[in-house]
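Q: Chain by chain, the residues:
There are 2 protein chains.
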Amino acid sequence: MTSSAAAPSRFETVAIVGVGLIGGSLGGALRRKKLARVIGVGRNAGRLEAARQAGVIDEAARDIRDAAARADLIVFCTPVDRIAADAREAASVSRKGTLLTDAGSVKGPICDALASGLPDGITFIGSHPLAGSEKQGFEHSNPQLYEGRVCVITPLPHSPRGEVARLRHFWEAVGSRVIELSPVDHDRALAQTSHVPHVVAAALAATLDRDCAPLAASGFRDTTRIAGGDPDLWVAILLENAEAVLASLKKYENVLGAFTSAVGSRDAESLRQLLAEARDRRESLRPSGFPAGHIVQ
Amino acid sequence: MTSSAAAPSRFETVAIVGVGLIGGSLGGALRRKKLARVIGVGRNAGRLEAARQAGVIDEAARDIRDAAARADLIVFCTPVDRIAADAREAASVSRKGTLLTDAGSVKGPICDALASGLPDGITFIGSHPLAGSEKQGFEHSNPQLYEGRVCVITPLPHSPRGEVARLRHFWEAVGSRVIELSPVDHDRALAQTSHVPHVVAAALAATLDRDCAPLAASGFRDTTRIAGGDPDLWVAILLENAEAVLASLKKYENVLGAFTSAVGSRDAESLRQLLAEARDRRESLRPSGFPAGHIVQ
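Just so you know, the protein sequences line up as chains P and U, in that order. Mapping the first sequence onto our numbering, position 61 (from 1) lands on 61, and the numbers just tick up by one. Take any residue in the second sequence, count from 1 to its spot, add 1000: that is its number in our numbering.
Please keep in mind that the hints were generated in silico from the structure rather than gathered at the bench. Backbone N, C-alpha and C define an ideal beta-carbon position, used for all residues, glycine too. Keep in mind that a hint or two might mislead.
Stated by the list, open to error - Every beta carbon over 10 Å from chain U, so not counted as near; a handful from chain P, in silico:
1. K34
2. G46
3. D58
4. A69
5. G108
6. P109
7. A113
8. P119
9. E139
10. V150
11. A203
12. A205
13. T224
14. A268
15. R279
To be verified - Under the rule of at most 27 Å between Cα atoms (straight-line distance), these lysine-lysine pairs were calculated in the DSSO-like manner:
16. K250/P to K1250/U
17. K251/P to K1251/U
18. K34/P to K96/P
19. K1251/U to K250/P
20. K135/P to K33/P
21. K1096/U to K251/P
Please model the entire structure based on the sequences and the hints provided.
A: Structure representation (structure tokens):
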């Protein structure tokens, strides 16, 4: 055992279900900081063993129940449409006092599904660390991925406050700054800051004629970088958060329409105002993603 | 004099009109490689002197005619709606054999305006080095900015081939890979690879609710980075290339509409296909912007 009751994570054994970029980075951070013993859970024995040899987990488990029965904290880093079912299965064999959380980009459906029906003494509270990449696989993991990043946690009104505090301390221990939001507020915000940007970038990438590719410079590449993400993961995210995504897309299309109208009518003054407003909003983002004075703690 | 007739640029004295990020980087490259003596032209004497002290130009000239009368090559790095007028003024005092070019992001209107009416022996050929940044000012210039980047040149059918060759060699001497296109083909391609991406990014940035800013992570920041560009410069670019921009925006809006429909009807299979196509197009871009085998020389 590499941690003690005094360690900030307050979890002796952490099971990570899904050891890819997100799960692998978390495992690496926990191990490097000696915060917990890490059991990695996955379906592919070869990949799990490679992750163990790479040092991102202490132990590989192919059976989620085997790991769940021994863990104090279980973090589901699987696609958003699989998390609730995986969590139910794990909860069925977990010890009393075990905390379950996840790293999914959508929170409402997952938190709703797990709001009730778990065994007594087993708590699920949603998490969403705002860290990641269009890349996949533990090979791209980074034990410092969570340093200085925001992690949203989404307790429900009935979530035990002691468990909320433990979860907050867990993410803080790997370097994150924790923001508490309701699942609905999280999903509405992320539609705007992540899910619609993904659609916008993907639509732009899909619009590129192949013979124009040599003329795509760094601006095009930056604007479409996130379109390199895994299609299956993003289908799940966009459909799990469809309502909020559609509302945000509508808003985006309206703003885009204003730009189109200004260009169409050669209205330089309107166009300048639209561009200036865009620049101001963009510049209000500090490099870390935190505008000054907006840190919610 | 720091160059000779044998130097690859084949220009002894180069005047750069507009010593910002683009002009300053060019001046720095020419000076570092000892390709030419560089006269910087600008309206602000203090800024020009600072640029001289920073080593990006050899000499500062506030009067475009003074510089033009002594230059073998004049490069206009001013906003696209000012280039044609500046070039006419310079041409009126240039020596026979002087070549004029620019660095503007739109080529049709400029090349049309300068296709005829210049004094005998003075040639204008458009250039567009695909290098830049949302930043401004010579302080952000970089003498290696053009290394490995594409530079499009847009000669007209009647452009003297010897002058085309000199211009090509000039850009190659600062490290660029030169692509020759007609002004119309350039503008149509750049609408798609640069101008519409700017609108798309700006509209996305403008859609961000300020209270969601803490939840904007690296994906949002990358997708909107170019929205930090100068509004006045972009009004000029978008309006000078309005027809091609509107055509490309229309195409983009159609693709975006397909994504919206797929989310709206919860059509996972269509959404997956759209996302997969987007990812494939994105991944076909090599880091330098060159897909393998697509280099047009």
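Q: Each of the hints needs a verdict: does it hold here or not?
A: Results of checking the hints against the structure:
No beta-carbon of chain U is positioned within 10 Å of the beta-carbon of K34/P; the least distance is around 27 Å. The beta carbon of G46/P is kept farther than 10 Å from every beta carbon of chain U, the shortest such distance being approximately 25 Å. Distance check on D58/P: its Cβ is at least 29 Å (rounded) from any Cβ of chain U, clearing the 10 Å threshold; non-interface status holds. Non-interface status of A69/P relative to chain U is upheld: no Cβ of that chain comes within 10 Å, the nearest being about 34 Å off.
The claim that G108/P lies off the interface holds: its Cβ sits roughly 15 Å from the closest Cβ of chain U, which is beyond the 10 Å cut-off. No beta-carbon of chain U comes within 10 Å of the beta-carbon of P109/P; the shortest separation is about 13 Å. Distance to chain U confirms A113/P as a non-interface residue, since its nearest Cβ pair spans about 17 Å, more than 10 Å. P119/P, annotated as away from the interface, keeps every beta carbon of chain U farther than 10 Å; the closest lies near 32 Å.
Interface exclusion of E139/P from chain U stands, the closest Cβ pair being 17 Å apart, more than 10 Å. Consistency note on V150/P: stated as away from chain U, yet its beta-carbon is not over 10 Å from all of that chain's, at 6 Å minimum. With a closest Cβ-Cβ approach of about 4 Å to chain U, A203/P is found to fall inside the 10 Å limit, against its non-interface label. Residue-level check failed: A205/P sits 4 Å from the nearest beta carbon of chain U, not beyond 10 Å.
Listed as a non-interface residue, T224/P fails to keep its Cβ farther than 10 Å from every Cβ of chain U; the least gap is roughly 5 Å. Not every CB of chain U lies more than 10 Å from the CB of A268/P, the least distance being 5 Å, so the non-interface label is violated. The Cβ of R279/P sits about 6 Å from the closest Cβ of chain U, inside the 10 Å cut-off, so the non-interface label is violated. Distance restraint check for K250/P and K1250/U: the Cα-Cα separation of roughly 16 Å lies within the 27 Å cut-off, and the hinted pair is therefore satisfied.
Proximity of K251/P to K1251/U is assessed by CA-CA distance (about 19 Å); at most 27 Å being required, the pair is judged to hold. Restraint check for K34/P and K96/P: the C-alpha separation of about 24 Å stays at or below 27 Å, so the hint holds. Simply put, K1251/U and K250/P have alpha-carbon atoms about 18 Å apart, close enough for the 27 Å limit, and the pair holds. Distance restraint check for K135/P and K33/P: the Cα-Cα separation of roughly 24 Å lies within the 27 Å cut-off, and the hinted pair is therefore satisfied.
For the given pair, K1096/U sits about 56 Å from K251/P by alpha-carbon distance, which is inconsistent with the 27 Å threshold.
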